[in-house]
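J.: Residue numbers are given in this note's numbering: position 71 of the sequence shown equals residue 71, and the series is strictly consecutive.
Honestly, I wouldn't trust all of these hints.
As a list, the in silico SDA-like pairs of lysine to any residue whose alpha-carbon atoms are at most 25 Å apart [as the list claims (entries may be wrong)]:
(1) 53 x 299
(2) 53 x 141
(3) 185 x 278
(4) 185 x 309
(5) 185 x 214
Okay, the calculated beta carbon distance ranges per label pair [said to hold, decoys possible]:
(6) 298 x 161: 37 to 43 Å
(7) 262 x 178: 37 to 43 Å
(8) 198 x 304: 37 to 43 Å
(9) 304 x 13: 42 to 48 Å
(10) 145 x 214: 18 to 24 Å
(11) 326 x 102: 25 to 31 Å
Worth flagging that the hints you see were computed from the coordinates, not collected in a lab. Every residue gets a Cβ at the ideal spot worked out from N, C-alpha and C, and that includes glycine.
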Amino acid sequence: MNAHPFDVLTPDTVIEAVEAAGFRSDARLLALNSYENRVYQVGIEDAEPVIVKFYRPERWSEEQIAEEHSFSQELADAELPVVAPLRGDADGRGSDTIHHHAGLLYALFPRRGGRAPDFDNPDNLLVLGRTLGRMHAIGAARPFRYRLALDGATIIADSRERLPGAFVPDDLTDAYLSLLDDLDKALAPLLEEIDGGERIRVHGDCHGGNTLWRDDTAHFVDLDDCLTAPAVQDLWMFLSGERHEQELQLCELMAGYEEFYSFSARELRWIEALRTLRIIRHAAWLARRWDDPAFPRAFPWFAGPRFWSDHILELREQFARLQEPPLRLL
1 MNAHPFDVLT PDTVIEAVEA AGFRSDARLL ALNSYENRVY QVGIEDAEPV IVKFYRPERW
61 SEEQIAEEHS FSQELADAEL PVVAPLRGDA DGRGSDTIHH HAGLLYALFP RRGGRAPDFD
121 NPDNLLVLGR TLGRMHAIGA ARPFRYRLAL DGATIIADSR ERLPGAFVPD DLTDAYLSLL
181 DDLDKALAPL LEEIDGGERI RVHGDCHGGN TLWRDDTAHF VDLDDCLTAP AVQDLWMFLS
241 GERHEQELQL CELMAGYEEF YSFSARELRW IEALRTLRII RHAAWLARRW DDPAFPRAFP
301 WFAGPRFWSD HILELREQFA RLQEPPLRLL
């Protein structure tokens, strides 16, 4: 089996990296659930544990990571509940948030506890909307220079090139490619609208797993996918259930959101387009990372025909949703 860049991350190497950043470890180490990067909780002598994240090589440039960190700190400085990386050493004296060890880039973060938000609670959605409204008001203040912008056409092209042959079963390849063509045509006018609309700095991967609820506040973690995109990119993943349920959830979110930032109702037209792109991109992401041993272990079903049958069915359902009227602001 070919060596993988993360193979160097033995327990000793992880602890050495934390100590090289100025923290004295008590040797307690816990691997956390992460696939794109590698993330560990490391115990610190006479202090709270820290979280150390090792970035996947060649995914982001150092400038892109620095811009992610700068955005996180900008939000934290505005007293938003965002977990920003630790600066310098354990005494907070340096200014660097990016460190180098064993050929990898890494950063340290304070540990934050919490639970997933209860999206069935209207009060929670109201608070979540207020937090996102404040975040987007700051995100709109200036552009990213190095981070990516949402590019739906590239997501579809990547899937068309990468998946057939290597992963899609032969008897499903024609159906998959034909469906991608249909989705490409249906998405084209919506993607043109998105490209021509207002786009701001957003979290980019805003879902319950990246939101910790504590002290009646939504704490946002992991801005690893922050990018330039329409505001609705950070809102639609908090909507679930039947159409009327999503509209009620949206109403609560917007009640809080628009206290701090104005939302353009035309972005509601883009929700199903963004959901479709995420479904397509997720399959391509698994294919792209299949040489990482962690992925076949965690997602063994990806290489089986049942997944692809279900995936094609899900995309067909999305194609139908793209023909429906958008959600309404009640």
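J.: Are any of the numbered hints broken by this structure? If so, which, sorted upward?
T.: 2, 5, 6, 9, 10, 11
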